[in-house]
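Residue strings, one per chain:
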Amino acid sequence: MWMTRRRVLAGGAALLSYSMLASSALSQEARLRVLWWGSQARADRTNKVNQLFQSENPGVSMNGEFLGWSDYWPRLATQVAGRNAPDIIQMDYRYIVEYARRGALAPLDEYLGSVLKVEDFDKVQIEGGSVDGKLYGVSLGANSAAMMVNTVAFEEAGVDLPTPATTWDDMARIGTEITKAGKRKGFYGIADGSGVEPLLENWLRQRGKALFTADGKIAYDAKDAADWFAMWAAMREAQACVPPDIQALDQYTVETSPLSLGKAAASYAHSNQFVAYQGVNKDKLKLNNFPLIGKDAKGGHYRKPSMFFSVSAQTKDPELGAKYVNFFVKDPKAAEILGVERGVPESAAVREQLAPTLDELGRAMLDYVSGLGALAGALPPPPPSGAGEAEFALRTVAEQVAFGQLDAKQGGETLVNEVSQILSRG
Amino acid sequence: MTDATMSTVTAPPPPPAIRRSPLSSTLIHAALIAASIAMLYPLLWMVSASVRPEDEIFSSTSLWPSSVDLGSYVRGWFGLDVSFGRFTWNSFVIAVLTVIGNVVACSLAAYAFARLRFAGRNFWFAIMLGTMMIPYHVTLIPQYVLFLDLGWVNTILPLVVPKFLASDAFFIFLMVQFFRGIPRELDEAAMMDGCGPWRIYWKIMLPLSLPVLATAAIFSFIWTWDDFFGPLIYLNDMNTYTIQLGLRTFVDSSSTSDWGGLFAMSTLSLVPVFFFFLFFQRLLIEGIATTGMKR
Amino acid sequence: MAAVQDSAVAVGAGAKARPAAQGRLAAIWTKHGAGYMFLLPWLVGLFGLTLGPAIASFYLSFTNFDLIRSAEWVGTANYVRIATADPKFAASLKVTVLYVVLSVPFKLAFALLVAILLNRGIKGLTVYRAIFYLPSLLGGSVAIAVLWRQLFAGDGLVNSLLAQFGIEGPSWISHPDYSIWTLVVLSVWQFGSPMIIFLAGLRQIPTDMYEAASLDGASKFRQFYKITLPLLTPVIFFNAVVQTIEAFKAFTPAFIISGGTGGPINSTLFYTLYLYQEAFGNFRMGYASALAWILVLIIGVFTAFSFLTSRYWVHYDD
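From first to last, the protein sequence lines are chains Y, B and L.
Using my numbering, the letters of the first sequence map in sequence onto residues 1 to 426.
Using my numbering, the letters of the second sequence map in sequence onto residues 1 to 295.
Using my numbering, the letters of the third sequence map in sequence onto residues 1 to 318.
If you're looking for bench data, these hints aren't it; they were derived computationally from the structure.
In this text, a Cβ means the ideal position worked out from N, Cα and C, and glycines have one as well.
Hints are not guaranteed to be accurate.
[Said to hold, decoys possible] Computed footprint of chain B on chain L, listed as stretches where at least three residues anywhere in the stretch have a Cβ under 8 Å from a Cβ of chain B:
1) 45-53
2) 95-108
3) 163-170
4) 230-244
5) 297-308
[Stated by the list, open to error] 30 Å max Cα-Cα, derived DSBU-like pairs, lysine-lysine:
6) Y:Lys-223 to L:Lys-88
7) L:Lys-88 to Y:Lys-409
8) Y:Lys-180 to Y:Lys-284
9) Y:Lys-217 to L:Lys-88
The shape of chain Y in the complex, shown without the other chains:
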């Protein structure tokens, strides 16, 4: 089908026969195109590593492209669809299944041990890059979901900072205390996390449930979801969290979170975003794990690959791609350049090498991720196709409950219904 479509288009193109001809000249040297999302700071580091790889591998020329997160995905999709994919693709945990199952990524298993020497990686983290038993992505760093806490606002309100042992009951009480203290105008205890998927997942895991089963079905029921919404409804009622119209300003980006907007003393994110959050917040921030459902609850968190490097299925030389990825995650000089900007490195050797060189924020990230202990459990299977849509559904239903269009029980039923439908459509 694809070929016919291409031929139709080529027919159109033929009308412009005066124009240059298609095929790009085959160059003598191998060329690796790398595409990633991120900031200029990340680009500076990545480009330096690319230079290094180029100088150590004569005959290879590196070409880096980067974009912000929201622009990254349409460009990647267009290039993959147009059969012009970059050789090395930075992948997100959410999208790796979508791309791998559709055959856009090259499996890397055959290079394990030979070119790709990731023996000192956490085994779980290697599995994190696997889809249907094959390795499609090498983790560039571990992170974990985390609460960003504004320490100054807590002090002002005369409330103790949350600790690893803080429960949801504590959090509800603390939240109300901060709101009632009224030290800042229009300021509340915590952000409304009822629509935040990692937070729900953490809460479900403490209950022994999960978001999705390994075969891609929904792994919680309407009762779970209703309890979740009811817990938040109570906090909303008690003014422990921000009201719905303030929460709806949150687009789940660094600068739109109630924390960064100066509306709440705590918000939910991922540990590798700590530097970014601190950048737009005047007050000193602190990383804390998500609250517990009870005193001895465990295993809500997990160390998650923050992002991967995948090798495109369209690349001419997948082995060279694997070699580059290995260089990126293992080479000591590369590690020195990259630091913990993409998360805590997976290689034990690299972690050891970096530990003494970190600044305060980097240190805090490393300590947080490695100090989770029993709070962290096993890595869940990669999210199934449709996970992005399911996250969207959670957010919409949470808003419907928050704005009073549904009660908690109806919300629970609606959510489970919608998510099941989305997953069955795939």
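Given chain Y, work out where chains B and L should sit, using these hints.
Frame of chain Y; chains B and L shown alone:
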């Protein structure tokens, strides 16, 4: 006819000076000034955001920054791998070519639709309007494949060549509407004098349509300047980036963003486009008064 | 103006070079050829660049194309699903129609009013016109997204103003009942383009018509009603049709202001935003193509209807 044309097409008169009571004039100015404030506010806010400390941009609603720091202009201009001067130049080249392409190609097509009789005219006109209606997201990928096959990806050709082929139906339709407002007596008389369609197009239509051509030029320039989706897809190498792509490079919603740099460069990026507008808007005033022509 | 006078001379000179028509072919050429000559660049673009991708997307609307794998023919399944089992289709269409109905008339009325005010030979015309065009210069930039939140959030400027009158406003931009209005205001605020087009249209109205009417003692209002309005109808028609098409296709405002979500609770889920989410977020380009062609049909019906009614109220000189 020639005498009539000569005497009727004269220099533009000043806008009709209508005597008005001072009161109504004051009222109008008061209303316009009030509206101007609402229009200017965003610019003031953007300038203010570009000089204030980064941790204040999102949490403070005041227009006055707590302190002024011009550092974000320097950071914004030089902070990316490629300087903003380069982005500005790239945008400028694309925008100027787009202006030329749109004005030339669309006016040709518009003249055919507005004035010439030929078989299938209504059919083609409907097709032309139809091309305006398709959301570009669904033609994007086939178009990308096409341009890739032509070897045009990562050049400005996909952004510029279509303009020379009148791909922007908006401007064709706009010019059709204005061409149809030009008195037909003019071209009929010219035709009697033996002028062909080329002559009429070149010597009557274009000179008499200066306001709409200026309008098309202004819109082409500004819209190209503001466009980011086309450049996002077709320009991959940072050396070829346009201003809008450069601006968006400051922002990564998943990690650190340089908001100060974004607002500083957003402010600066308005300068060329504003001057372009000021320059071309003079042509808007120079409408041709067709005095003495019977309708 | 020298150019124009030259043209008059050239027109006169052209009379000597009148070509003699020869034979049938020549007759056909004279009748139709010139039209196609002028259309040539557009036709090349249509067949070379525009039509192929359009046909491809129409074909894809009958497939399950997911951007990466080869497309498989699924018949009318996408269209059937849209018609019978897609609540988001109905929701997004409703939001879009609401946006069209609210934003287009307000924007056009505002643009026309300002254009007429500015056309009255007022002092500082160029300054005002430049200032009024400023919001349109900003287009759909990231800066607008941040600014709009500063204006319409709970503690934004708008509520500060309302507080002067003792009104406590909600967070307009993030409340499902009001968020669409902030997008309507954004659209009206960026009224610069139709304003410029109206101004260009007003400049084309011969001043002598007003002079004659003034001599006849016609009032300002009557002049406006009898001269300005009828002669401006082609331009009004153009603005109405084009603005409506653009409003149906509107994507950027909702995309930047809701961060691509169309929230809260799908209250700003424009049709094309939904289409975009399906195509690039959920890998359903085939389905998105079907959505697109339904939109083309809707806009097409509207536009055809506009053209049918136009013969009753739009006055062309020809």
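Comparing the hints with the structure gives:
1. 45-53: n = 7 at 8 Å, threshold three: holds.
2. 95-108: violated (count 0)
3. 163-170: Since three or more residues must qualify, the claim that chain B covers the stretch 163-170 of chain L is violated, with 0 doing so at under 8 Å.
4. 230-244: Holds, because 7 residues of the stretch 230-244 of chain L bring their Cβ atoms closer than 8 Å to Cβ atoms of chain B.
5. 297-308: holds (count 3)
6. Y:Lys-223 to L:Lys-88: holds, 26 Å
7. L:Lys-88 to Y:Lys-409: holds, 22 Å
8. Y:Lys-180 to Y:Lys-284: holds, 22 Å
9. Y:Lys-217 to L:Lys-88: holds, 22 Å
Against the hints set out earlier in the document, violations occur for numbers 2, 3.
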